[in-house]
Amino acid sequence: DGGITQSPKYLFRKEGQNVTLSCEQNLNHDAMYWYRQDPGQGLRLIYYSQIVNDFQKGDIAEGYSVSREKKESFPLTVTSAQKNPTAFYLCASKVAGMNTEAFFGQGTRLTVV
Amino acid sequence: AQSVTQLDSHVSVSEGTPVLLRCNYSSSYSPSLFWYVQHPNKGLQLLLKYTSAATLVKGINGFEAEFKKSETSFHLTKPSAHMSDAAEYFCVVSSPWGYQKVTFGIGTKLQVIP
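Chains D and Z supply the protein sequences, listed in that same order. Under my numbering, the first residue of the first sequence carries the number 1, and numbering increases by one thereafter. Under my numbering, the first residue of the second sequence carries the number 1, and numbering increases by one thereafter.
Bear in mind the hints are in silico, worked out from the structure with no lab data behind them. The beta carbon of each residue, even a glycine, is placed where N, CA and C say it ideally should be. Be aware that a few hints might be false.
Unchecked claim - Okay, the calculated beta carbon distance ranges per label pair: (1) D/Ser7 <-> Z/Thr55: 16 to 26 Å; (2) D/Lys57 <-> Z/Gly16: 13 to 23 Å; (3) Z/His39 <-> D/Asn26: 18 to 28 Å; (4) Z/Leu7 <-> D/Asn53: 19 to 29 Å; (5) D/Gly63 <-> Z/Ser9: 20 to 30 Å.
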């Protein structure tokens, strides 16, 4: 079945450690996105990528990094510079072009203790 | 630049009464517009999308949205609320070309009272 897989579903890390969240899609989509969801703030865009080896900062990129070495993969690293990393993280992908909707993974809940 | 404003963070309706969730957008170009729904502990599901073919868009589960360019609005409606409609709803705008940034509103939590 085609879809977007985020792993793990739950992740616990100690403060000061970097952590990488995985996002893989087998939909052959060009564009991929990372969002952070906090209560009352909707989904805020962290990074997005249109093609391999290219990505753009979203609205809240500070403290995060990404790579896009393969079309199907768009991992997100939450670095120790991110002041408040505990959140629900969602990955999405879509076909490039007008009026094409994004498809979402099931999310990773990151808790930093 | 693009943005989307959901005018109500919470909406409460009685079962069987109409639902109205309001969304205004800002865009430098003709945008792509969407509504998504998120049930508790579930992922995001597309309700409907505006494709410029018609200003009144029909979606799943009886929801509709009307695109009004003059008002820069894309409000979501349903004639009769059902208990299963209780969820969080997001209005979304996407740029149609170039770097296709996809921007979400803050969400509206819909409560349905029996």
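Here is how each hint holds up against the structure:
{"no.": "1", "hint": "D/Ser7 <-> Z/Thr55: 16 to 26 Å", "result": "41 Å, violated"}
{"no.": "2", "hint": "D/Lys57 <-> Z/Gly16: 13 to 23 Å", "result": "46 Å, violated"}
{"no.": "3", "hint": "Z/His39 <-> D/Asn26: 18 to 28 Å", "result": "25 Å, holds"}
{"no.": "4", "hint": "Z/Leu7 <-> D/Asn53: 19 to 29 Å", "result": "40 Å, violated"}
{"no.": "5", "hint": "D/Gly63 <-> Z/Ser9: 20 to 30 Å", "result": "26 Å, holds"}
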